[in-house]
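Residues per chain are reported as follows:
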Amino acid sequence: MQGSDHSVVQAVLAGNKDAYGALVRAHSAAVFRVAFRIVGNEADADEVVQEAFLRGYQRLETFQQRSGFGTWIYRIAVNCALDRLKQPQIEAEFRYGEEGDPEERTVQVASPDTASPERLLLSREIRGAQQLAMQRLTATEKTAFVLRHLEDRSMNEIAEVLGVDPNAAKQAVYRAVQKLRRELAPLRGTA
Amino acid sequence: MKHLNEEELIELYYDEGTSAAHVHLRACRECSTLYDGMQRDLDSVKTAQVGIRGAEYGERVWQALSPQLIAYEKRPAHRLWWAQWKSAAVAAGCAALLATAFIGGRYWERHTNRTTAVVNANPPATQRVLLVVLTDHLDRTERLLVALNHADSSDRAENGQLQTEARELLASNRLYRATASKAGDPAMAAALDRVENVLAEMANDPNLTAEDLGRIRTDMNTEGILFDIRVLLARTPDQGSGPKPAKGASI
Numbered sequence: 000m001q002g003s004d005h006s007v008v009q010a011v012l013a014g015n016k017d018a019y020g021a022l023v024r025a026h027s028a029a030v031f032r033v034a035f036r037i038v039g040n041e042a043d044a045d046e047v048v049q050e051a052f053l054r055g056y057q058r059l060e061t062f063q064q065r066s067g068f069g070t071w072i073y074r075i076a077v078n079c080a081l082d083r084l085k086q087p088q089i090e091a092e093f094r095y096g097e098e099g100d101p102e103e104r105t106v107q108v109a110s111p112d113t114a115s116p117e118r119l120l121l122s123r124e125i126r127g128a129q130q131l132a133m134q135r136l137t138a139t140e141k142t143a144f145v146l147r148h149l150e151d152r153s154m155n156e157i158a159e160v161l162g163v164d165p166n167a168a169k170q171a172v173y174r175a176v177q178k179l180r181r182e183l184a185p186l187r188g189t190a
Numbered sequence: 000m001k002h003l004n005e006e007e008l009i010e011l012y013y014d015e016g017t018s019a020a021h022v023h024l025r026a027c028r029e030c031s032t033l034y035d036g037m038q039r040d041l042d043s044v045k046t047a048q049v050g051i052r053g054a055e056y057g058e059r060v061w062q063a064l065s066p067q068l069i070a071y072e073k074r075p076a077h078r079l080w081w082a083q084w085k086s087a088a089v090a091a092g093c094a095a096l097l098a099t100a101f102i103g104g105r106y107w108e109r110h111t112n113r114t115t116a117v118v119n120a121n122p123p124a125t126q127r128v129l130l131v132v133l134t135d136h137l138d139r140t141e142r143l144l145v146a147l148n149h150a151d152s153s154d155r156a157e158n159g160q161l162q163t164e165a166r167e168l169l170a171s172n173r174l175y176r177a178t179a180s181k182a183g184d185p186a187m188a189a190a191l192d193r194v195e196n197v198l199a200e201m202a203n204d205p206n207l208t209a210e211d212l213g214r215i216r217t218d219m220n221t222e223g224i225l226f227d228i229r230v231l232l233a234r235t236p237d238q239g240s241g242p243k244p245a246k247g248a249s250i
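Which chain is which? The protein sequence lines are L and R, in order. Quick note on numbering: the first sequence equals residues 0 to 190 in numbering that gives the first Met the number 0. Quick note on numbering: the second sequence equals residues 0 to 250 in numbering that gives the first Met the number 0.
If we strip away everything but chain L, and leave its shape as in the complex, we get:
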């Protein structure tokens, strides 16, 4: 795939704009997945995908042939998602409903023989608490955590994407894990 991606890039740079469509079709799903995990909702993730491929097209001349196009556009998408997280309205959405006494957010334990709708409600509450916990992370922590935990990227890759030292990337992941565990503490024993 990498070899054919390179030839497609050459074709695009030679003036064949439509050839870029093949790259978009091939890599959209992966780009959407990481964007969704970082920004946390489909509408913003869709916009990140659009923006990433647009930026990719505009910078195609700087694309280094020694790396794969997939890896390259993935990095652009992570940066677009990170930029999007930094926009005030996303922050405002994240902060919505997060105030209050942590005790009040403790999930009630459902007994094992509880009826199915209650179990569904419980798992929805758990998911909600997890999302809220993720939203409480800073943009850097969240991105580092998503890349390490959900995307299984190495610390060096994360550092490169975030433009920080590997040790700083590691610390961002650690802080994210510590915060998430603190936030998820009330759920322990309910899942």
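Do not rely on the hints blindly, as some may be mistaken.
What the hints assert, rightly or not - Below, computed lysine-lysine pairings styled on BS3-like, alpha-carbon distance capped at 25 Å: (1) R:Lys85 x L:Lys85; (2) L:Lys178 x L:Lys85; (3) L:Lys178 x R:Lys45.
These are computed hints drawn from the structure, not numbers from a lab.
Chain L is already provided as a structure; the job is to place chain R on it using the hints.
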């Protein structure tokens, strides 16, 4: 027996732990219980679902994107060849320049070493200049951390200034930290590394709110970092104090 700390447990979870930590985890019931709890928490986050996009998604993205794109100018084959040749020529030119600079530098170093050994035992002027630059960086960082510790969190304009300053310092801090590591000064490198974490948090936070500032102050222990910087500043020689040799990294 020394138990594993949370960072070591996290390393183990991500298969980055040392073999000693693995051995300890197998042998210690207490650490093993803590690890199991952490594993449960983190595994539960992994089950979070991603919105599903079908095979037609790529096509939809392309249809929306295509009208916004302007085709690259067609490049004839001879221009491509010329572009490649030009790139090779530039690369060769850069290599020659680097080689010249390296040889010239070596020659200059030998020449100046001989002169200073005879004439003066003071540290080279360039080192003094660079130390002044580092001192200036540490001064600015200290001022930023003091401002952070006393910031009126509700003042958005002030927060914006702090963020701009943090961004400027972040780039230079990376350079100094890398140099301190190379120069074999772990204390300086470690302190600059901690500074870098704070600067990155401030620089990357979209709109610093009162809550964010409080969190950065607490999470990052900015008071502790401030103390480190004051120690480092005490180590760097004063600009006007004459030929006192530097103990820190020669940045």
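So, going through the hints one by one against the coordinates:
1. A C-alpha spacing of about 40 Å is found between Lys85 (chain R) and Lys85 (chain L), which places the hinted pair above 25 Å, so the restraint is violated.
2. For the hint pairing Lys178 (chain L) with Lys85 (chain L), the CA-to-CA distance comes to about 19 Å; that is within 25 Å, so the pair holds.
3. Among the hinted pairs, Lys178 (chain L) with Lys45 (chain R) is consistent with the structure: their alpha-carbon atoms are about 16 Å apart, no more than 25 Å.
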